[in-house]
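Colleague: Work the whole structure out from these sequences, hints included.
What follows is each chain in one-letter form.
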Amino acid sequence: MLDVGDGVASLELESAEAWAAFWRGIFDIHLDPLALLDMRYRIVRVNHALADALGRRAEDLIGKRCFEVFHGMSCPIANCPHARLLEDGCAHAEEFAIESLGGIYWISVTPVFNTEGELIGSLHIARNVSHYKALESELRFARDAVMARSEERAREIKQHVRFGQLLVSLALDIGRAKSEEGILSLIQQGVTEIAASGGYDRCVFWILDGKVARAVARGEKKGAPSDPHPEDVTDSVWLLEASARLGVLSQLPDGRTRFVVALMSPQNERCGAAIQVEFSPTAGRPVERMEAPPQRLRLFCQVFANALWRHADLEELHSLRSELTHLDRVARLGQLTAMLAHELNQPLAATLCNAQAAVRLLGRTPPDLKEIGLALDDIVDNARRAGDVVKRTRELFKSERTAVVQKVNLCVLVERVLSLLHNEIAISEISLTRSFDPSMPLVLGDEVQLQQVVVNLMTNALDAVRGKPRNERKILIGIQPDFSSRMGVLSVRDTGDGFVPGQETLIFKPFHTTKAEGMGMGLAICKQIVERLGGAIGAERLVKGETEFRVSLPLAMDENNEPHLP
Amino acid sequence: MNDGILSGHIVYVVDDDDDVRRGIERLLRASGYACRSFSNAVAFLDAGIRPSGPVCLVLDIRMPSMSGVELQTRLTELGLFIPIIFVTGHGDIPTCVKTLKAGAVSFLSKPFDEQALLSAVDEALNLSKNEFEKQARLVDVKRRYDLLTSRERDVFAGVVRGLLNKQIGDELGIAEKTVKVHRARVMEKMAVESVASLVRLSQILSENESCAMREC
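If you're matching them up, the sequences are chains A and B in order. Position 431 (the first sequence) corresponds to 431 in our numbering; numbering is contiguous. So the mapping is simple: our numbering equals the position in the second sequence, first residue as 1, plus 1000.
Simulated from the structure, these hints should not be mistaken for lab results. Everything numeric in this text was worked out from a predicted model, so none of it was measured. Backbone N, C-alpha and C define an ideal beta-carbon position, used for all residues, glycine too. Any given hint could turn out to be false.
[To be verified] Label-pair restraints from in silico Cβ distances:
(1) C1096(B) with E429(A): 48 to 58 Å
(2) G387(A) with Q1115(B): 22 to 32 Å
(3) L1078(B) with A383(A): 35 to 45 Å
(4) L418(A) with D1140(B): 52 to 62 Å
(5) S431(A) with A1136(B): 44 to 54 Å
(6) S431(A) with L1078(B): 26 to 36 Å
(7) E429(A) with R1161(B): 23 to 33 Å
(8) V1139(B) with L418(A): 38 to 48 Å
(9) G538(A) with L1078(B): 45 to 55 Å
(10) G387(A) with D1140(B): 51 to 61 Å
(11) D437(A) with S1052(B): 22 to 32 Å
(12) R466(A) with S1109(B): 17 to 27 Å
(13) D388(A) with G1008(B): 55 to 65 Å
(14) K391(A) with R1137(B): 52 to 62 Å
Modeller: What follows is the structure, encoded as structure tokens:
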């Protein structure tokens, strides 16, 4: 046992079995591969994640030597952190490319002691950093793109990123801390830093200070959320939902005290992590300062750091992605604006001419009433025409809206988009062919999002064929149902050189673009939209040098579970 | 017909948008102009228009198969002088500069005010009229010049250079008296009464010649 306050020490003795079961549970279901090794490199215990990663059963691994299993060697590898731990009894960490696990891993080892304080082995945590590296690079791209697009938004995002970085660096520092004393001070430092970074006063990290925590809990009892049942808590780390509070201390029926700590992003309520700790009554006594927390706290912190890290990154990426979706729509609308200006200026010009002609005709003696009537008819028609353009456009300009999945007539929707692009198609002298199956039922989707998909595919097709000779500029739009798979299929085929054969998958990745002014987000967003609706999107180079994009969407069913016809 | 409007004029309108074309035409007619409209540039060319009086063209830029700018170039190639007023739904500066450099009278963005259109049309028709008058004068002067004998043309050249009869006689190797006779015939045939007027006619002729040279 390590040097800790009396109260805590007695607590641990009293609830040692409960603690053991608690940590075994965490160990087994933890998402990162974990292994316990003895002093002779033999595997004592592995969790599900590790067995799965190796594709072997956990039982088959027990007793084997780690270097044989993981590295295919007959002796410990160079820089083996476990070997160093055996020498000095301290925690170590190292990055390795581990072929058997298929990736780059940050391996950290933590010494495990028996109750007499003798070193008996180590806990290995393998953190797959290849995933984080990919995330990191995607994040970097996303950040660059967003910042380049809009400085104002970038400032906001920067703050978010900074918060994320602070959380991540805190988590990293905790994960790499060399001594137990370091962990607590790191956490305290980190919390102070996060709080000082501005606007983060809601970030609270309570550690084992029962007096303060209980005061907090008493003071805010009214707003306290319904605590998860002890049985519901299968992992020591879970993610807080929007309304959850930050630091909660509560009495359990069996007299133990439960304590919840949380780190949350103030900008995104769903982003955060929490730790639950339970104490027996004897531990309820205030602990002023914990200079040397028990060994378990380290594991506890590592698990915490891991979850926090993963969550903060994913949340940030998610918010940046939706940011980009909006920016892409804005950018695309920029392209559309020129066309729309033309669409609007035509009826306005006609209206103005007719109105001024009518004024002149009225001034004649006698006024030419027949001609004035015709002019007024034209004015009415053109005002309607302008109104229609505005109506069709308004939907696309909406920035913030939630998706509404409903039954959509795909043919009508495509026609609406085509009418927006009508002028562009005529001017570019593109031969446009429609092949709409008259028996096409309704599909399920969000109208505005689907419009965005069609606009994306159509502007891509227009851009692709524009460089071709006049007689080779062809676009074919097809809509037909596939009753066997219960999907509706929209295909846009063009005669342009849209993408290089072999890049069928690559073109749907973010930031892949063949256009000088493109952001490379269009197709990535289409894919996201379509897949969220339960559909699929794909591209194909056809034999005749044509490109075809196919979007399939689930058919809407009526009350008899038959395809719903318009 | 209004007083200020030139007689015998025609304003051509070429725009692929039916509504806009009808609107412009109605406004022009209501303002007293004679109009003829076409739905595309090719139809306008196919009509084989050879203007015989003041004309101008109200022309849309963006049209299928042949743009307004392409039609402007084509008219120049055909040697047809028809002043052009461009109207466009969304004008960009490079196109505007290009058309104006190529001689367009005006470049209007839709929607435009009637005053902008009508004053541009007036300006264009006047340009066209002046060009027609210039052409008519040139044809007349050339016809008269063609009546001169080669000796009379020599004397014409001498007079215009400001030489005295005697000097012209010395240059041509004929008597001063004979020069005087030729000179009187030249004045009579060219229908002028002063040397100054004769000099002006020679300028018209030489301008036309240098134009012809340039065209070669």
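Colleague: Are the hints correct? Go through all of them and say.
Modeller: For each hint, the structure was consulted:
1. C1096(B) with E429(A): 48 to 58 Å: violated, 23 Å
2. G387(A) with Q1115(B): 22 to 32 Å: Holds - the Cβ-Cβ distance for G387(A) and Q1115(B), about 27 Å, lies within 22 to 32 Å.
3. L1078(B) with A383(A): 35 to 45 Å: holds, 40 Å
4. L418(A) with D1140(B): 52 to 62 Å: holds, 59 Å
5. S431(A) with A1136(B): 44 to 54 Å: holds, 48 Å
6. S431(A) with L1078(B): 26 to 36 Å: About 30 Å separates the Cβ atoms of S431(A) and L1078(B), which means 26 to 36 Å holds.
7. E429(A) with R1161(B): 23 to 33 Å: violated, 59 Å
8. V1139(B) with L418(A): 38 to 48 Å: violated, 55 Å
9. G538(A) with L1078(B): 45 to 55 Å: holds, 52 Å
10. G387(A) with D1140(B): 51 to 61 Å: Between G387(A) and D1140(B), where Cβ atoms are some 58 Å apart, the hint holds.
11. D437(A) with S1052(B): 22 to 32 Å: violated, 58 Å
12. R466(A) with S1109(B): 17 to 27 Å: With Cβ atoms ~24 Å apart, the hint holds.
13. D388(A) with G1008(B): 55 to 65 Å: violated, 42 Å
14. K391(A) with R1137(B): 52 to 62 Å: Given a distance of about 58 Å, which is inside 52 to 62 Å, the answer is holds.
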